[in-house]
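Participant: Protein chains in written order, with the numbering used here: chain A, 4 to 288; chain B, 71 to 492.
Treat the hints loosely; a few may be bogus.
As the list claims (entries may be wrong) - Dumping the calculated SDA-like pairs for lysine to any residue here, alpha-carbon to alpha-carbon at most 25 Å:
# : chain 1 : residue 1 : chain 2 : residue 2
1 : B       : 436       : A       : 73
2 : A       : 119       : B       : 406
3 : A       : 78        : A       : 183
4 : A       : 188       : B       : 406
Just so you know, these hints were derived from the structure itself, not from any lab.
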Amino acid sequence: MPEMVYYYDGSFEGFLCCIFDSYANKEVLTAIYRDEDFVPTLFASRAIQTDQSHAKRVFRKIVKCSPYTANLLQKCFLTCLPEKELSMYRLVVKLLREGPGFLGNFSDPVLHPVAKAVQHLLAEAHLLKGFVRFSELDGVLGGEIEPKNRVLPVLRSHFCARYQNEKFFIYDRTHKEALFYANGKAVIRPLDDFQMAPPDETEANYRILWKRFYDTIAIRERYNPKCRMTNMPKRYWNTMTEFQDASYFKAQSSPAAVSAPGVPAGISAPGKPPGHGPSAPESAL
Amino acid sequence: MDVLEKLTILTDAAKYDAACTSSGGTRGSKKGYIGNTSSSVAGCCHSFSADGRCVTLLKVLLTNRCIYDCKYCVNRRSNDTKRAAFTPEELADLTINFYRRNYIEGLFLSSGVFRSPDYTTELMIRALRLLREQYRFNGYIHAKAIPGTSPELVEQLGLLADRLSVNIELPSEAGLKALAPDKTKQAILTPMRQIQARNQQSKEELVKYRHAPKFAPAGQSTQLIVGATRDSDLHILRLTQGLYDRYRLKRVFYSAYVPVVEHALLPAKDVKPPLLREHRLYQADWLLRFYGFRAEELLDEQNPDFDPRVDPKCSWALAHPAFFPVEVNTADYSALLRIPGVGVTSARRILAARRSGRLHIDDLRKLGVVMKRAQYFLTASGKAAEGLRFTQDSLLRGLIAAERPLLPQQEAIQLSLFDPVG
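In isolation and in its complexed conformation, chain A is listed as follows (with noise of 0.2 Å):
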């Protein structure tokens, strides 16, 4: 059988038509691009048009022979795995020819790598879902997130049953998208710019509290750093209160306010209280 480059929509439908063609094709794929990263090659390729009806079939087909491996190619589609496509691809011919006996073995050559790429997206959509800071203003609350997957649609129900009676939204600046809730209707939506508005007091006000309670729960004779950073790698730390700058913690949108009020006059509020255990670094990297 030939071998063939093909390039789809970048969408799930769009891959699922990868698969439907390369069997109505009778071509072997050697590698599966997203249009907007075409680059003109030497190899054969060929640009595949989404077609649902044919996406279905191909989704339908995977269903019926093991609903393990639809749900593992759904998550799949959000994770960072380089050429995830390709390996997708892999795991589908293989389960189309062999049966699901293979799937039991999570070190098989062609399960190993989808597997191991959606445990990486879990693993991170769970520590997200305690670390997602949220900011209130005029009664929504807004977060933003660097993840290295696509967490959104994994977040979503978590956070939905949670604040059902909210409105809130999260950005997630990596793949400038953002899930918005409100009235038990959610939806995630490209957004390719987003800056949080500054805190007023109210908000400002919960922030000093949270860094104080932050600061003051570490036991000082028990200081690991290094294990605080196994929990809780530094790439999260960029988005959560605990680490931000002093002027995080300043109520801005009102300038006649210069200190909030619950603020005692004497100690600096977002710093580190003396003798309160160590205290997290000032600057987030």
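Assemble chain B onto chain A, guided by the hints.
Facilitator: Okay, now just chain B, sitting in the frame of chain A:
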């Protein structure tokens, strides 16, 4: 006193409590209420403090005023420290607003004993009731049951909280008598027994009536201080095992004693907290709960303490060379779990994988087996890892070297040329 200062004092007073988990709750969200507890089986950590411990719950005391004089405690009445107390409104407002910003998973409410155990528990119940009923908080609540509280109040507390805990603190009665003269073993075990019985009863009722009230649905836990008294690891581990067997505890926490006060009966103030010992106890705790080990297998009267150099599972493996090597293609689940470097996940994966074909040494790493430890103790299809040669002696050295980078490092001490000699 404003809320910021109260928060500082009451967090500082609560930080020595080790428990900070949000596991075990499966309550979905309710209309008109804020939050839920169904994050995942393992709970959800919202941050990690500079000492590497997870921050899940808003862990504070309701008040740090205390009538007791436990020698090891910062809040004892003879300690000259600033005292404060939250009003129920302040506490509820903090919890709700932290929770909405996703800072926390819920509230961990403990308290010093103010006036009497009953009076304190009543205050806690009032605060929790306000939070649950008026502020409509549906997230996780962990509450401390204070030894000596009357059963009726523990009952009310359990209906408001997801998890209850009674701290044993000192692992022996002699230790309690010497260091915590106001507490008795009986006063600690009575509420534990009650919580267990009531929890069981509530589970049975739930089978019969769907809307039966849930009593502490996430179970109960406790905490032991390690290193304040001379109790051996064997003693502590036996106690732990008894608590899991007889009281059905979800967790036993260990807290390496941090010398906060100078007292003749306690370790001196410059003694470092026994962090490695605490680490080994946690490792053994996991072996009891998930790996089918018994306390008597891990330690005995001849070796009452853990070897600080290797973890308890490796220690056991080194003492039982006849059990190894284990053939991964034929061994059953419990035998797989005994191999150092094989955990619950990798053992399950091995079981699933070998249904579709024989396993080889190279597959094991991909299945999640930690080969730098496991290689000495297993074979796959009759073969050990390639090029592996070892004697009993080099085996021990290999295992020590494998773990060393993972342990907290001793601080390097700068030697001075000018220190007085001798």
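Participant: Now look at each hint and say whether the structure bears it out.
Facilitator: Hints versus structure:
no. : hint          : in the structure
1   : B:436 x A:73  : holds (22 Å)
2   : A:119 x B:406 : holds (22 Å)
3   : A:78 x A:183  : holds (20 Å)
4   : A:188 x B:406 : violated (47 Å)
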